[in-house]
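As they're listed, the protein sequences go chains A and Y. First residue of the first sequence? That's 1 in our numbering, and the numbers climb one at a time after it. First residue of the second sequence? That's 1 in our numbering, and the numbers climb one at a time after it.
Think of the hints as simulated: they come from the structure by calculation, not from any bench. Mixed in with the good hints, there may be bad ones.
The list treats identical chains as one, so a pair stands whether inside a single copy or across any two.
Claimed, not checked - Derived pair list, reagent style SDA-like, types lysine to any residue, alpha-carbon separation capped at 25 Å:
no.	residue 1	residue 2
1	K21	G217
2	K365	A407
3	K21	V152
4	K365	T2
5	K112	D414
6	K272	E174
7	K365	L176
8	K112	A67
9	K272	G245
10	K21	G53
11	K365	S231
12	K219	S376
13	K21	D291
14	K21	T257
15	K21	G348
16	K21	R410
17	K112	R410
18	K112	A339
19	K112	A364
20	K21	T154
21	K112	Q427
22	K239	S274
23	K239	V227
24	K112	S274
25	K272	S376
26	K239	G260
27	K21	P4
28	K365	R124
29	K112	L236
Number of protein chains: 2
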Amino acid sequence: MTHPLRIGVAGLGTVGASVLKLVQRRANDLAATAGRAVRVTAVSARDRRRDRGVDLSGYQWFDDPAALAAANDIDCVVELIGGDEGPARQTVETALSSGKHVVTANKALLAKHGVALARMAEDRNVALAFEASAAGGVPVVKTLREALAGNVVTRVSGILNGTCNYILSRMELEGLTFDECLKDAQRLGFAEADPTFDVGGFDTAHKLAVLTSLAFGVKIDADAIHVEGISSITPLDLKMADELGYRIKLLGVAERTAAGVEQRVHPTMAAKSSSIAQVMGVLNAVTIDADAVRSVTLIGPGAGGDPTASAVLSDIADVARGLHGAPFGKPVDLLDDPARAPMQRHEGGYYVRLTVVDRPGSMAKIATRMGDHQISLESILQKGKGPRGGDGATVPVILITHATSEAAIRAALDEAQGDGVVTEPPQVIRIER
Amino acid sequence: MTHPLRIGVAGLGTVGASVLKLVQRRANDLAATAGRAVRVTAVSARDRRRDRGVDLSGYQWFDDPAALAAANDIDCVVELIGGDEGPARQTVETALSSGKHVVTANKALLAKHGVALARMAEDRNVALAFEASAAGGVPVVKTLREALAGNVVTRVSGILNGTCNYILSRMELEGLTFDECLKDAQRLGFAEADPTFDVGGFDTAHKLAVLTSLAFGVKIDADAIHVEGISSITPLDLKMADELGYRIKLLGVAERTAAGVEQRVHPTMAAKSSSIAQVMGVLNAVTIDADAVRSVTLIGPGAGGDPTASAVLSDIADVARGLHGAPFGKPVDLLDDPARAPMQRHEGGYYVRLTVVDRPGSMAKIATRMGDHQISLESILQKGKGPRGGDGATVPVILITHATSEAAIRAALDEAQGDGVVTEPPQVIRIER
Chain A
1 MTHPLRIGVA
11 GLGTVGASVL
21 KLVQRRANDL
31 AATAGRAVRV
41 TAVSARDRRR
51 DRGVDLSGYQ
61 WFDDPAALAA
71 ANDIDCVVEL
81 IGGDEGPARQ
91 TVETALSSGK
101 HVVTANKALL
111 AKHGVALARM
121 AEDRNVALAF
131 EASAAGGVPV
141 VKTLREALAG
151 NVVTRVSGIL
161 NGTCNYILSR
171 MELEGLTFDE
181 CLKDAQRLGF
191 AEADPTFDVG
201 GFDTAHKLAV
211 LTSLAFGVKI
221 DADAIHVEGI
231 SSITPLDLKM
241 ADELGYRIKL
251 LGVAERTAAG
261 VEQRVHPTMA
271 AKSSSIAQVM
281 GVLNAVTIDA
291 DAVRSVTLIG
301 PGAGGDPTAS
311 AVLSDIADVA
321 RGLHGAPFGK
331 PVDLLDDPAR
341 APMQRHEGGY
351 YVRLTVVDRP
361 GSMAKIATRM
371 GDHQISLESI
381 LQKGKGPRGG
391 DGATVPVILI
401 THATSEAAIR
411 AALDEAQGDG
421 VVTEPPQVIR
431 IER
Chain Y
1 MTHPLRIGVA
11 GLGTVGASVL
21 KLVQRRANDL
31 AATAGRAVRV
41 TAVSARDRRR
51 DRGVDLSGYQ
61 WFDDPAALAA
71 ANDIDCVVEL
81 IGGDEGPARQ
91 TVETALSSGK
101 HVVTANKALL
111 AKHGVALARM
121 AEDRNVALAF
131 EASAAGGVPV
141 VKTLREALAG
151 NVVTRVSGIL
161 NGTCNYILSR
171 MELEGLTFDE
181 CLKDAQRLGF
191 AEADPTFDVG
201 GFDTAHKLAV
211 LTSLAFGVKI
221 DADAIHVEGI
231 SSITPLDLKM
241 ADELGYRIKL
251 LGVAERTAAG
261 VEQRVHPTMA
271 AKSSSIAQVM
281 GVLNAVTIDA
291 DAVRSVTLIG
301 PGAGGDPTAS
311 AVLSDIADVA
321 RGLHGAPFGK
331 PVDLLDDPAR
341 APMQRHEGGY
351 YVRLTVVDRP
361 GSMAKIATRM
371 GDHQISLESI
381 LQKGKGPRGG
391 DGATVPVILI
401 THATSEAAIR
411 AALDEAQGDG
421 VVTEPPQVIR
431 IER
């Protein structure tokens, strides 16, 4: 029997407390699977006295997580502090540089420093494992890194933020506004007091950055991601989507194109019949398109203490069994530099909602601008009327385009705004096949 | 650089040919990931001259797959022959006993001899890997064995046979009979000339046996599985399911109960809103319920050359990287003996379609029998009339019960048949939450 795997857990929020409980609860099975005992021996957090529903007296306590990471009697550090700098980064770097395995749920840290950290892990032949960093309990990291080794992945797309999906689901099902749903989400603990990180799409972008690297064998390049959030989505947009056979989802999408890898986060019209569109509430879902397997979809809880701890335990079990390779599948030196495909190249159909001045000739001007940019329209829908006809009144107009480029749409809409027939910034939502 | 992983492929049907092509196509990436070259060096099949769309001249040829399995210059044998005895078993046993890794897609072999084969692999510290044996390209084996290591799994359920799901989907969408859809499936190559293995539920049962062992840490016990197929499903059943908010799916279900592990394969009423019910056509889907992660669903192609080869390559990549543990997660000696929960104990609601003699008092007799067994009815639907009233005419009657046991339902229906008010064997379909 090999010596026990001694784990130090840095960060004891909801996930950290769940990890402590799960490692205890699963001790026998983990030992059976790994052929060695697995136990948490040390913990670190900001406040020792906070009630976490778990007895900490059996663990060595560290005020400083970096000291925990440097301790001689720990084999594996679980970093659950969060943040892309500061104590989290220091803890992970200290652990790796002192030859310890690292398990982390920290997508922000990976999005920013993933390449350098992976190099450190490879140099010392230790694990840097991060199943919990993307889509919570959904085993998408292992699937991309290991299960699809025989595939050339062409596309990864998914619902990676439960807060946004919860808000969009409620807006759709109950006809509520974004602000109403956000407030409810905050009250129920599904959204932070400052919701920007979630509803602005940035959390999705961090997760997408991790998945892109695994899927395409490229170095993480989070700065290349085009990010739009969901705060501009209105009940009318959701109603129109429904009528047209779509649901609006905030998707992270990474695609291999002739020009390189395109990464984008934005609200999307997803066909109701697609697996992704069925995913409601706080669930996450990821669809991976690849040459051999064609398409695989994984659905499950993307957040929460126990589901995220489940992903952390998956990594711990691998470390205990000695099952680890390069953090991103291939060694960092063999990862390609990311060739960014500029967002303007995205080709597909669009849903466009315009606030149009209600006077003769407005629609003709808009249609002409569209035609000038070779944009063909599948349908034009005018919903209702402004308060009254005449000067200054506006009406919402919905355009559905056939496949065209982002650049063409943006140019046509800029010109229509210049013509003075469109009063507010247009709502533009991509339609995914 | 370690020496190359030399692979022998035994069985060159559709999947075997895809494996040869994929290993060639992915050679560079597999080498980058594994840190060693991965190549097929030898093959074996019944007919050397058959055109498989792949050039075999670069591979050593064996007429006898067991001779390939015994060859000194092979490290890993991929068994794609099929069947639970004969050449497949001989090939796998020869490979393991001569210290070679084995990758197989053979669920029938595993269902019958999985425990003994796993023991052989463990004794020699080689891999016995079988991602391709259940749900084709869907990475459910790796998910159960590795990703959910932190969980106590409570239930595994899924659509594990694409042929059945294709037939049920077409019956539902086009109102066709079972026989009509089966003929189409045979014409399109989705069903065998002798379809019993698929439509009788036996293929699903083999796959379920493998998943049950992984999920619950018990020895494979395929004989314990209660198996019903889909050939008795009628267009009326599908129509009624639709009206009641369900779809009929052939599910394999394994559940941890107080009495042990219950394993069953049968047509099921699945709520339309569930992820499983959305899965149409030849796709497979598996939902895993577990304490920490709550519920994870995986959807993808369950058959076909390339998707199945994708699963084989996943195992090959793990072998090449040296990532293998006990075939069923825990060593065989630590797997529990399966405590069979008898099928009669299954508790849930039921859909019952009866062919009832159309005369006064028939329904009262049936209702009384139900009441005698404490079965409470949620609804009773009589659809249409027989050709005319009077003696001998029959009408279809649908009963929806609240939760009750299989034993109670069977007893009540036996008695109703004894009363002479029901003319044909009743159709009984379990309703899943």
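So, going through the hints one by one against the coordinates:
1. K21 <-> G217: Classified as between: cross-chain Cα gap 21 Å, same-chain 35 Å, threshold 25 Å.
2. K365 <-> A407: within (19 Å within a copy, 72 Å between copies)
3. K21 <-> V152: between (39 Å within a copy, 13 Å between copies)
4. K365 <-> T2: neither (76 Å within a copy, 68 Å between copies)
5. K112 <-> D414: neither (34 Å within a copy, 68 Å between copies)
6. K272 <-> E174: both (17 Å within a copy, 20 Å between copies)
7. K365 <-> L176: This pair counts as neither: shortest intra-copy Cα distance 33 Å, inter-copy 51 Å.
8. K112 <-> A67: within (23 Å within a copy, 53 Å between copies)
9. K272 <-> G245: both (6 Å within a copy, 17 Å between copies)
10. K21 <-> G53: within (9 Å within a copy, 54 Å between copies)
11. K365 <-> S231: neither (29 Å within a copy, 61 Å between copies)
12. K219 <-> S376: Intra 37 Å, inter 61 Å, cutoff 25 Å: neither.
13. K21 <-> D291: Classified as between; 12 Å across copies, 40 Å inside a copy.
14. K21 <-> T257: Classified as between; 23 Å across copies, 44 Å inside a copy.
15. K21 <-> G348: neither (47 Å within a copy, 32 Å between copies)
16. K21 <-> R410: Intra 52 Å, inter 43 Å, cutoff 25 Å: neither.
17. K112 <-> R410: Close neither inside one copy (30 Å) nor across copies (62 Å); limit 25 Å.
18. K112 <-> A339: within (17 Å within a copy, 50 Å between copies)
19. K112 <-> A364: neither (47 Å within a copy, 72 Å between copies)
20. K21 <-> T154: Only across copies: K21 and T154 sit 18 Å apart there, 39 Å inside one copy, limit 25 Å.
21. K112 <-> Q427: neither (31 Å within a copy, 59 Å between copies)
22. K239 <-> S274: For K239 and S274, both the intra-copy (18 Å) and inter-copy (23 Å) Cα distances are at most 25 Å.
23. K239 <-> V227: within (24 Å within a copy, 45 Å between copies)
24. K112 <-> S274: Intra 32 Å, inter 37 Å, cutoff 25 Å: neither.
25. K272 <-> S376: within (24 Å within a copy, 36 Å between copies)
26. K239 <-> G260: Classified as neither; 35 Å inside a copy, 49 Å across copies.
27. K21 <-> P4: within (18 Å within a copy, 43 Å between copies)
28. K365 <-> R124: neither (64 Å within a copy, 77 Å between copies)
29. K112 <-> L236: neither (37 Å within a copy, 58 Å between copies)
Of the numbered hints listed earlier, those contradicted by the structure are 4, 5, 7, 11, 12, 15, 16, 17, 19, 21, 24, 26, 28 and 29.
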